[in-house]
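For reference, the chains in residue letters:
Number of protein chains: 2
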Amino acid sequence: MRVFIIKANEAHTDFDFSLKDLPGTSGRIDLICRALNAAFHLSHSFRKNVRVYVTFLGPPDPPKTIRFEGPKIRPKILNPDEISIAKVIGKALKVGRNIRNPTKEVEVLPGIFISRMTFEDVVRRNVKMNLYLLEEGGKDISNLVFPKDNLAFILGDHLGLTKEDLSFLEGIAEKISIGPKAYLTSHVISFVNIYLDRVGIP
Amino acid sequence: MRVFIIKANEAHTDFDFSLKDLPGTSGRIDLICRALNAAFHLSHSFRKNVRVYVTFLGPPDPPKTIRFEGPKIRPKILNPDEISIAKVIGKALKVGRNIRNPTKEVEVLPGIFISRMTFEDVVRRNVKMNLYLLEEGGKDISNLVFPKDNLAFILGDHLGLTKEDLSFLEGIAEKISIGPKAYLTSHVISFVNIYLDRVGIP
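Taken in order, these protein sequences are the chains called A and B.
So for the first sequence, this note's numbering puts the first residue at 14; every next one is plus one.
So for the second sequence, this note's numbering puts the first residue at 14; every next one is plus one.
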């Protein structure tokens with residue numbers, strides 16, 4: 014399984030945004046939609062071996078975490094375009110309104126779960142995985158020998174991770190880098206997915 | 014300069030589509046928007062050394078080609094999200110209605126040009142570049158030594174290139190591949206951009 018853990022610092026935690034203007038009204042859920050496209054979509058095919066956690070930390074009711082479980086998702090539900098994916102996110106956030114228990118996950122659609130987990134909760138849940146933190150200045154990806162399974166990659170959004178996040182992840186996740194520039198979250202996921210295909214990781 | 018040449022087999026050639034449903038009404042201009050995002054956007058920065066040609070071949074008035082000229086585009090005009098980019102494309106297609114001369118380019122916005130060029134016209138215009146055709150089964154990208162400049166990459170959309178296209182490109186463009194699966198156009202562009210950064214191509 015390939016896991017991507019994304020911290021969305023400003024992404025709205027209820028479906029209070031306009032699908033006509035995701036960048037301006039949703040706390041950059043457009044970016045999350047592209048990240049999900051990059052994580053799951055192949056040409057005329059779907060990556061069943063991928064799991065994505067996105068933690069939403071914007072207004073009005075943070076935190077919310079949506080888990081996208083590749084083996085269970087019906088590919089037709091998660092289309093490649095931003096608006097379709099934003100609608101799925103919106104639907105999940107609506108269901109999330111009524112959750113009280115901080116660790117309970119509710120299945121909104123097959124393979125799509127919402128909860129009140131924090132970013133730290135998500136990382137702790139994955140602490141037995143081989144955890145990598147995508148960070149400028151990390152060890153170059155070509156210098157790593159990846160295990161065949163249980164890989165989890167942690168990424169920030171346009172605002173990145175805070176000092177507190179980095180301090181929390183110290184010693185838990187290995188800092189790695191994919192290239193000499195600062196890349197968009199979705200581009201990093203595309204590159205990592207294709208890189209892992211190239212080196213024969215299932 | 015890095016050039017990406019994209020053939021969009023069904024993309025509409027007038028602004029007759031709905032921004033609310035790009036996949037269903039535009040001949041997959043959503044895919045083109047993500048390809049442009051992948052070509053130009055970095056985290057908080059813009060790739061000024063990139064040029065993209067997209068040839069639109071869908072109804073009602075094919076062909077139309079839009080050229081996006083990185084050095085001249087104002088980054089604020091080409092936002093990362095699909096809807097913003099689709100609006101720019103729509104604006105260009107509107108201007109394209111009145112072009113009669115098949116080789117004339119009209120500048121719609123700084124660095125954004127529309128013409129009636131065909132896909133073959135675009136390839137011929139770039140024939141002095143080092144031309145690469147992204148194709149499953151092509152030579153693996155790691156087996157190439159890229160020249161430092163004048164690289165042009167040809168890509169299809171969800172429908173790919175036709176037998177006629179491949180026959181036309183035979184001997185003009187070298188077939189290359191980025192990995193063992195069939196990837197989305199935007200993911201290929203992300204990968205190629207980052208790969209070129211990694212091997213030190215400006």
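Fair warning: there could be bad hints in the mix.
Any copy, or any two copies together, can satisfy a pair, since identical chains are not distinguished.
EDC-like cross-link-like pairs, simulated, lysine to aspartate or glutamate; straight-line CA separation at most 16 angstroms [claimed, not checked]: (1) 188 with 178; (2) 194 with 210; (3) 152 with 74; (4) 100 with 34; (5) 194 with 153.
I should point out that these hints are in silico values taken from the structure, not numbers from a laboratory.
Okay, the hints, checked on the actual structure:
1. 188 with 178: Classified as within; 13 angstroms inside a copy, 44 angstroms across copies.
2. 194 with 210: Between copies, since 8 angstroms is at most 16 angstroms while 22 angstroms is not.
3. 152 with 74: neither (36 angstroms within a copy, 50 angstroms between copies)
4. 100 with 34: both (13 angstroms within a copy, 12 angstroms between copies)
5. 194 with 153: within (12 angstroms within a copy, 23 angstroms between copies)
In this structure, the one hint that does not hold is number 3.
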